[in-house]
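> Sequence:
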Amino acid sequence: MPVLIRRRATRILIVAAASVPLLLAGGAALITVLIGQSCSGGTHFADSASQVAQRTIPADFLTIYEAVGARYRIPWEVVAGIGEEECDHGRNPDPSCAPQLGATGPGVANCAGASGPMQIGVGGGPCGTAGDEYHQLRQFLPDPALGPHDPTTAVELASLVLIKDKGAPTGQAIDAYLPYVRAYNGSGPMAVAYADRVIADAHAYQGAGTVVFARCAAAVAAGTYVNPFTGEDWAPSRNDQGVDYDPLKVEPIRAIGAGTIIAIGSWGNYGPWFDYRLSDGEFAGKCIYVAEHIGSILPPGTSFNAGDTLATAYPGPDWTEWGWAKALNTPAVTWAECGCTEQDNVNPGGRAFARFLRSLGGTTEQDPGPGPLYAGGSC
Numbered sequence: 001m002p003v004l005i006r007r008r009a010t011r012i013l014i015v016a017a018a019s020v021p022l023l024l025a026g027g028a029a030l031i032t033v034l035i036g037q038s039c040s041g042g043t044h045f046a047d048s049a050s051q052v053a054q055r056t057i058p059a060d061f062l063t064i065y066e067a068v069g070a071r072y073r074i075p076w077e078v079v080a081g082i083g084e085e086e087c088d089h090g091r092n093p094d095p096s097c098a099p100q101l102g103a104t105g106p107g108v109a110n111c112a113g114a115s116g117p118m119q120i121g122v123g124g125g126p127c128g129t130a131g132d133e134y135h136q137l138r139q140f141l142p143d144p145a146l147g148p149h150d151p152t153t154a155v156e157l158a159s160l161v162l163i164k165d166k167g168a169p170t171g172q173a174i175d176a177y178l179p180y181v182r183a184y185n186g187s188g189p190m191a192v193a194y195a196d197r198v199i200a201d202a203h204a205y206q207g208a209g210t211v212v213f214a215r216c217a218a219a220v221a222a223g224t225y226v227n228p229f230t231g232e233d234w235a236p237s238r239n240d241q242g243v244d245y246d247p248l249k250v251e252p253i254r255a256i257g258a259g260t261i262i263a264i265g266s267w268g269n270y271g272p273w274f275d276y277r278l279s280d281g282e283f284a285g286k287c288i289y290v291a292e293h294i295g296s297i298l299p300p301g302t303s304f305n306a307g308d309t310l311a312t313a314y315p316g317p318d319w320t321e322w323g324w325a326k327a328l329n330t331p332a333v334t335w336a337e338c339g340c341t342e343q344d345n346v347n348p349g350g351r352a353f354a355r356f357l358r359s360l361g362g363t364t365e366q367d368p369g370p371g372p373l374y375a376g377g378s379c
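As numbered in the numbering used here, residues 1 to 379 make up the sequence shown, in order.
If you're looking for bench data, these hints aren't it; they were derived computationally from the structure. Check the hints yourself; a few may be wrong.
Label pairs and their computed distance ranges (CB to CB) [stated by the list, open to error]:
| # | residue 1 | residue 2 | range |
| --- | --- | --- | --- |
| 1 | Thr-104 | Ser-296 | 31 to 41 Å |
| 2 | Pro-126 | Thr-312 | 44 to 54 Å |
| 3 | Gly-265 | Met-190 | 54 to 64 Å |
| 4 | Ser-266 | Arg-55 | 49 to 59 Å |
| 5 | Thr-56 | Gly-301 | 42 to 52 Å |
Here are the simulated DMTMM-like cross-link-like pairs (lysine to aspartate or glutamate), alpha carbons at most 25 Å apart as the crow flies [to be verified]:
| # | residue 1 | residue 2 |
| --- | --- | --- |
| 6 | Lys-164 | Asp-233 |
| 7 | Lys-249 | Asp-233 |
| 8 | Lys-164 | Asp-132 |
| 9 | Lys-164 | Asp-143 |
| 10 | Lys-166 | Asp-143 |
| 11 | Lys-286 | Asp-367 |
| 12 | Lys-164 | Asp-196 |
| 13 | Lys-166 | Asp-233 |
| 14 | Lys-249 | Asp-308 |
| 15 | Lys-164 | Asp-308 |
| 16 | Lys-166 | Glu-365 |
| 17 | Lys-164 | Asp-175 |
| 18 | Lys-164 | Glu-365 |
| 19 | Lys-164 | Asp-367 |
| 20 | Lys-166 | Asp-132 |
| 21 | Lys-286 | Asp-143 |
| 22 | Lys-249 | Glu-365 |
| 23 | Lys-286 | Asp-308 |
| 24 | Lys-249 | Asp-175 |
| 25 | Lys-166 | Asp-196 |
Just so it is clear, CB atoms sit at the ideal spot from N, CA and C, and this is done for glycine as well.
Model the full structure from these sequences, guided by the hints.
See below:
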């Protein structure tokens, strides 16, 4: 069961560094990309694309911008404006700009160490340093193995740079992102001009309506699990019976896989809990519990898809705990059986769930070591 004292996780701080956009060269390449490998699910909304956007942005890149922007809750038009500045939506012939579906690792970088269609920093070069945002932020990607030359991963990384490195808010209007776009590029008059161009392009891309991305149906196939923390603001903490996570602001609790809410209850002063049973994938029929400092839980019997919002998490004491359920209201190992202390990371149930989350691209504060991904029972 829960413990009285928690250690607050340390958030990763990334040193801001300039990103050097390439001068656009003549010519354009035909770009065919897919977005299916890294969608987190859920139902998302975004502005429709204007005629300018449809005419000037390659269709596949436009789809990526819209889907990733909706998932990370930032205006896709802003990210698209950055893509225009950096590599002309992947059409710049410089090798450091080349989109390559499924590309892994940092890839080819320019002389300042910026790589991929969104010119993500992967280290220094002979003419400067673009920082190393890729290695700092890849842990938050749905697939950390992919690199900044993969088109979807490039746009995800650009979104993460804005949110996690530059401190951009989510869910705001286009103009609110001006200072964060400036920081994306660096500082000084050139960065100011860069940001002005990006925001101007963003407004030009914005259409009059709204489009819906329904659970990223093309990307999340049956049996697919997703990282429930992608695009949100969480700090991982210790492994005990499950894995503790601190929402740094009010955040949705998203389903790891398709399933059904089984039961809701209370752990007293620690707050509510709920169990849901996975309906497909490797662990179909197994149950996951989420507990403590949560609310607005969907009622029992509700079915859902991977990435859908099941409840709401609130920042503050007690945080949240996620793990495999042994039975209703019961983590994989009871508190009496656990023998957990503040040294923790010894419970097989919590360590198994930490491995499971890591297999989905999630981050845990403590390394669970090798072992199985599952430890639980039947709920």
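> Each hint: holds or not?
Evaluated hints:
A C-beta distance of roughly 38 Å is found between Thr-104 and Ser-296, which places it inside the suggested range of 31 to 41 Å. Distance hint check: the CB atoms of Pro-126 and Thr-312 are about 49 Å apart, consistent with the given range 44 to 54 Å. Range check, Gly-265 to Met-190: about 57 Å between beta-carbon atoms, so the 54 to 64 Å window is met. Taking 49 to 59 Å as the suggested C-beta distance range, the pair Ser-266 and Arg-55 conforms, at roughly 55 Å.
Distance hint for Thr-56 and Gly-301: a CB-CB separation of about 47 Å, consistent with the stated range 42 to 52 Å. Using a Cα cut-off of 25 Å, the hinted pair Lys-164 and Asp-233 holds, with the two alpha carbons roughly 8 Å apart. A distance of roughly 7 Å separates the Cα atoms of Lys-249 and Asp-233; the hinted pair therefore holds under the 25 Å criterion. At most 25 Å may separate the alpha-carbon atoms for a hinted pair to count; Lys-164 and Asp-132 meet this at roughly 14 Å.
A distance of roughly 17 Å separates the Cα atoms of Lys-164 and Asp-143; the hinted pair therefore holds under the 25 Å criterion. For the suggested pair Lys-166 and Asp-143, the alpha carbons sit about 22 Å apart, so the restraint of at most 25 Å is met. Distance restraint check for Lys-286 and Asp-367: the Cα-Cα separation of roughly 23 Å lies within the 25 Å cut-off, and the hinted pair is therefore satisfied. Restraint check for Lys-164 and Asp-196: the C-alpha separation of about 21 Å stays at or below 25 Å, so the hint holds.
Proposed proximity of Lys-166 and Asp-233 is supported: the alpha carbons are some 13 Å apart, at most 25 Å. Taken as a hint, the Lys-249 and Asp-308 pair is honoured in the structure, with Cα atoms around 19 Å apart against an allowance of 25 Å. A distance of roughly 23 Å separates the Cα atoms of Lys-164 and Asp-308; the hinted pair therefore holds under the 25 Å criterion. Using a Cα cut-off of 25 Å, the hinted pair Lys-166 and Glu-365 holds, with the two alpha carbons roughly 22 Å apart.
At most 25 Å may separate the alpha-carbon atoms for a hinted pair to count; Lys-164 and Asp-175 meet this at roughly 19 Å. Taking the CA atoms of Lys-164 and Glu-365, the gap is near 17 Å; set against the 25 Å cutoff, the hint holds. For a cut-off of 25 Å, the pair hint linking Lys-164 to Asp-367 stands: about 22 Å separates their Cα positions. Taken as a hint, the Lys-166 and Asp-132 pair is honoured in the structure, with Cα atoms around 14 Å apart against an allowance of 25 Å.
A threshold of 25 Å between alpha carbons decides the hint, and for Lys-286 with Asp-143 the separation of about 24 Å falls inside it, so the pair holds. Between Lys-249 and Glu-365, the direct Cα distance comes to roughly 19 Å. Compliance with the 25 Å bound is thereby established for this hinted pair. For the proposed pair Lys-286 and Asp-308, the alpha carbon gap of about 18 Å is at most 25 Å, so the pair holds. Between Lys-249 and Asp-175, the direct Cα distance comes to roughly 22 Å. Compliance with the 25 Å bound is thereby established for this hinted pair.
A hinted pair counts as satisfied when its Cα atoms are at most 25 Å apart, and Lys-166 with Asp-196 qualifies at roughly 17 Å.
Every hint, counting from the list given before, is met by this structure.
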